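J.: Quick note: the sequence shown uses my numbering, first residue 86, plus one each step.
Think of the hints as simulated: they come from the structure by calculation, not from any bench.
The model shown is predicted, which means the values in this text are computed figures rather than measured ones.
Heads up, some of the hints might be wrong.
To be verified - With beta-carbon atoms standing in for the labels, derived distance ranges:
| id | residue 1 | residue 2 | range |
| --- | --- | --- | --- |
| 1 | Ser204 | Asp179 | 26 to 34 Å |
| 2 | Asp285 | Ala181 | 38 to 46 Å |
| 3 | Ser203 | Ala259 | 35 to 43 Å |
| 4 | Thr306 | Ser177 | 34 to 42 Å |
| 5 | Thr118 | Pro211 | 13 to 21 Å |
| 6 | Ser94 | Ala267 | 17 to 25 Å |
| 7 | Thr257 | Thr183 | 40 to 48 Å |
| 8 | Thr221 | Ala181 | 18 to 26 Å |
| 9 | Asp302 | Thr112 | 12 to 20 Å |
By construction, the Cβ of each residue, glycine as well, lies at the ideal position given by its N, Cα and C atoms.
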Amino acid sequence: VEDTVSGASGFFEGKIDDVRIYNRVLTQAEITTLYDSYNPGLVVTRGPMDILGTTGSIISMVNTEFTSSSSTFETRGEASPTTFTWSEAPSSFDTAPTYKNGNITVKFNDTDEYAEVSSDVPSAYPFSFGAWINTTSAGEQAMITASDVSTDSVYYTLFIGSDAPIVRVSNTSATDCSASTAVTDSEWHFVVGVLTDATDREIYVDGSSENSTGSCDTSVTYSGNVDTTSIGRHNRTSGATRYFAGSMAGG
Numbered sequence: 086v087e088d089t090v091s092g093a094s095g096f097f098e099g100k101i102d103d104v105r106i107y108n109r110v111l112t113q114a115e116i117t118t119l120y121d122s123y124n125p126g127l128v129v130t131r132g133p134m135d136i137l138g139t140t141g142s143i144i145s146m147v148n149t150e151f152t153s154s155s156s157t158f159e160t161r162g163e164a165s166p167t168t169f170t171w172s173e174a175p176s177s178f179d180t181a182p183t184y185k186n187g188n189i190t191v192k193f194n195d196t197d198e199y200a201e202v203s204s205d206v207p208s209a210y211p212f213s214f215g216a217w218i219n220t221t222s223a224g225e226q227a228m229i230t231a232s233d234v235s236t237d238s239v240y241y242t243l244f245i246g247s248d249a250p251i252v253r254v255s256n257t258s259a260t261d262c263s264a265s266t267a268v269t270d271s272e273w274h275f276v277v278g279v280l281t282d283a284t285d286r287e288i289y290v291d292g293s294s295e296n297s298t299g300s301c302d303t304s305v306t307y308s309g310n311v312d313t314t315s316i317g318r319h320n321r322t323s324g325a326t327r328y329f330a331g332s333m334a335g336g
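Turn these sequences into a full structure, and let the hints steer you where they fit.
T.: Now the structure itself:
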């Protein structure tokens, strides 16, 4: 599917599952455990695209029928719950959500389908964010992004570059921490970005650390102007970009 939104690019094509944001650093052991313990389509009782706070608590989708244009889902941790709103009822997405063994897969069209909240969910370093993804589309597409939508130059995003995941942080100028494993092979992959502080970032693919290329230790402070957290796109003043094409699935 080609990009039909003026000024936008890098729309995601593929599947995303079990999106998470932690207000703390995840250890490699924790990431490996998450990878080993969860297989999309098999585990029940989770809502798609759960965002996790400090405690790692999970809350399921508020509207599991996905029939309302104002369908929302909440997240919780030690902070107050955060409610994300769909761009439209997922039942009206180009591909309607599917169910497997009681779990839900939501497929995004890489053009105008996403979930978003006008809030800075990470709020400060340290934090971790991640997702199970499944995609066949090469090119830039965002899994999770926290951004200042009044500018193009302030954001913290986990996205796919040409075919491998990247943690990109920008507070005026951007720097990348990149993995080497291609994840555009139509297989499920668990991708996690860990941002400990301004000079310590790490990226994991399927439970393994992969700080293969880029500047994972270049100093980039966390901006107090971040005001939006997006799933499936990168929102910014010149127009949203990097729409995800694929599915966020699972419990």
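J.: If a hint holds in the structure, say so; if it doesn't, say that too.
T.: Hint-by-hint comparison with the structure:
Between serine 204 and aspartate 179 the CB atoms are about 27 Å apart, so this pair conforms to the stated range of 26 to 34 Å. One distance hint, 38 to 46 Å for the beta-carbon pair aspartate 285 and alanine 181, holds here, with the actual separation near 41 Å. The hint said 35 to 43 Å for the Cβ distance between serine 203 and alanine 259, and at roughly 23 Å that hint is violated. For threonine 306 and serine 177, the hinted distance range of 34 to 42 Å is satisfied, since their beta carbons lie about 40 Å from each other.
The hinted range of 13 to 21 Å is satisfied by threonine 118 and proline 211, whose Cβ atoms lie roughly 19 Å apart. The hint said 17 to 25 Å for the Cβ distance between serine 94 and alanine 267, and at roughly 20 Å that hint holds. For threonine 257 and threonine 183, the Cβ-Cβ distance of about 42 Å falls inside the hinted range of 40 to 48 Å, so the restraint holds. Range check, threonine 221 to alanine 181: Cβ separation about 19 Å, and the 18 to 26 Å hint holds.
Checked against the given bound of 12 to 20 Å, the beta carbons of aspartate 302 and threonine 112, roughly 18 Å apart, stay inside it.
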